[in-house]
Amino acid sequence: MEIPDVKEKWTGKINEVTIGATKDEGGTRGKAVTIGGQTTLSYLTFEGEIPHKPVIAGFVSDTPPDWPDVIKKAIGDEINSPVEWAQKNVEEFGVDLISLKLIGADPTVKDASPDECAKVVEDVLKAVDVPLVIWGCGDDEKDNHVLPECSQAAKGENCLIGSAKESNYMTIVAICKADKHKIISEAPVDINIGKQVNILLQDAGFDLKDVVMYQTTAALGYGFDYVYTILERARIAGLKGDQLMAAPQLCDVAGETYRVKEAVADEDILPGWGSLEKRGPMWEAVCAATYLQAGADLLIMAHPVAIENVKRVIEEMK
Amino acid sequence: MILIGERINAGFKDIKAAIQNKDGDVIKKWARIQANCNATYIDVNLGTASNKPEDLCWMIEMVQEEVDTPISIDNNKPLMLKEAIKVCKKPPLINSTTAAEDKMNELFPIAAEHNASIIGLVMDESGSPTNAEKRVENAGKLVAKAMEFGLSPEQLFIDPIIMPLKFMQEQASEILKAVSQFTLFTDPPCHIVCGLSNISSGAKHKALINRVFMAMLIAHGLDAAILDVTDEELINTILTAELVMNKNIYADSYIEAFWKK
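Residue numbers (my numbering), protein chains in the order written: chain A, 1 to 318; chain B, 1 to 261.
Errors might be hidden in some of the hints.
[As the list claims (entries may be wrong)] Here are the computed lysine-lysine pairs in the DSS-like style, where the Cα-Cα straight-line distance is at most 30 Å:
#1 B:LYS260 to A:LYS9
#2 B:LYS166 to A:LYS9
#3 A:LYS240 to B:LYS90
#4 B:LYS90 to B:LYS77
#5 B:LYS90 to A:LYS209
#6 B:LYS86 to A:LYS9
#7 A:LYS180 to B:LYS260
#8 B:LYS177 to A:LYS9
#9 A:LYS7 to B:LYS89
#10 A:LYS9 to B:LYS90
[Said to hold, decoys possible] Not everything, but these chain B residues come out facing chain A in the computed CB check (under 8 Å):
#11 THR130
#12 ALA132
#13 GLU133
#14 ASN248
#15 ASP252
#16 ILE255
#17 ALA257
#18 TRP259
#19 LYS260
Hints are computed from structural coordinates only; laboratory data are not their basis. Predicted model, so just to flag it, every value in this text is computed and none were measured. Think of the CB as a built atom: it goes at the ideal place given N, C-alpha and C, for glycine as much as any other residue.
Next comes chain A alone, as it looks inside the complex (with noise of 0.2 Å):
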């Protein structure tokens, strides 16, 4: 008796999305990096092609975020610049790309002027030459007089700038298109809401084949689960031809890991852990390598060891 042939026919393919310009299309990035452009789900290369490999970018803020004295020390003193802990991450530490935090601009932090900020991204885009992933702080009005200035200062770049949410779109639509960047789509952790804001985009004029979708990654033991599992449903509703699901999607593994107890917690306060200098990494490096199963498409990743070993294992897949 002949075996029947069970593998899955993907009738739809998840958008290429290309983050980055060279000179010779307008920017002054050495390389552009694309993601997506898939026909299955990850590793599964016998019932598809996946043309681009996942990719990692280095975290970076203008402001040192608030981890623990262990993992900052594993980056070293270049946390205190934006400019050289880019530098570092793309140099010493091999990443692909850059996402720049600006969470000093957010008024409970520093309250960083919309100039300040886009002085950061000027200065970062001057440093290094790999695409720039940029963020405001969160704070929806604050973000709202901070995304333009910084998105004008890196026009022409292809930036990737983040984030639209269901309440706070129109901004990031306006300055997207006017300075041509791509949009990060956020949902917390909602697959609906992330279909509907990638609606709202739609309707506001952006084409979703320059979207990224967003949905706020959570760290291991802390609804892991929840995102690994809308990570993947988003990616089946995609490759079953759903448009408004076919964008790549991304994961702060670095910005949501170091907020957790266990990977930021030494074993004076959890017996029996283990070192943090050896367990936070592997928190991170274990969280982006199970993202990648689900189908993310760029980690943003920080500790060095969490980021070599992680990409050893992206070299690994087919």
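Add chain B to chain A, keeping to what the hints say.
The following block gives chain B in isolation, referenced to the frame of chain A:
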């Protein structure tokens, strides 16, 4: 949901006149309207307006000059089909064969050769079935024969044959029973299609009957229909029924997103 636009049919006076006068604009107009309503296929039916293959080909060409939606060739004469299929730019849907042995032997090879899909009506030499069992039996014949000719399950659309509620009231529930069973033949399953408006034939509240029956068919596994794609309430009912069946991911603006596409 696979939506097959029914409007380019010589049963409509304007289409019949257009065929007889070779007035391509009328055909193009309805092609455009239905494509704008997200039709997956545009059905083209020559009806009694003509029996010449060149007229059928002309209709298809008119549609293709206006839109790039694939064609559903509403004709079961092999000679006509062979001509019509040649002018189709994309793999068409052949509408239709029956489960009668000679019909299947004639039409499945044509579909296979052109990578087309084909609708199989669950009637055979003995006529239309009047219960679920006979429908399932004939569907089984269609599936087996289609596979014999190398068609994949996705290329076969099984039609349970809808009968008017007003005149054959007991049939609707038999149809629903049969549809549930059609989904079990293969994995992935064949498509299940219907000519929806038959259910409301002769009835007073046509639109409501169409909508309700459509939702019930979807609940039993139907995934394609020949219908009026411009009937917004009907389409919205379909979109909602598909959400209820978890076929699509919910978003608050799911209706608006469909019509804006």
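Practice task
Provide an ascending list of the numbers of those earlier hints which the structure does not satisfy.
Solution key: 2, 11, 12, 13, 16, 18
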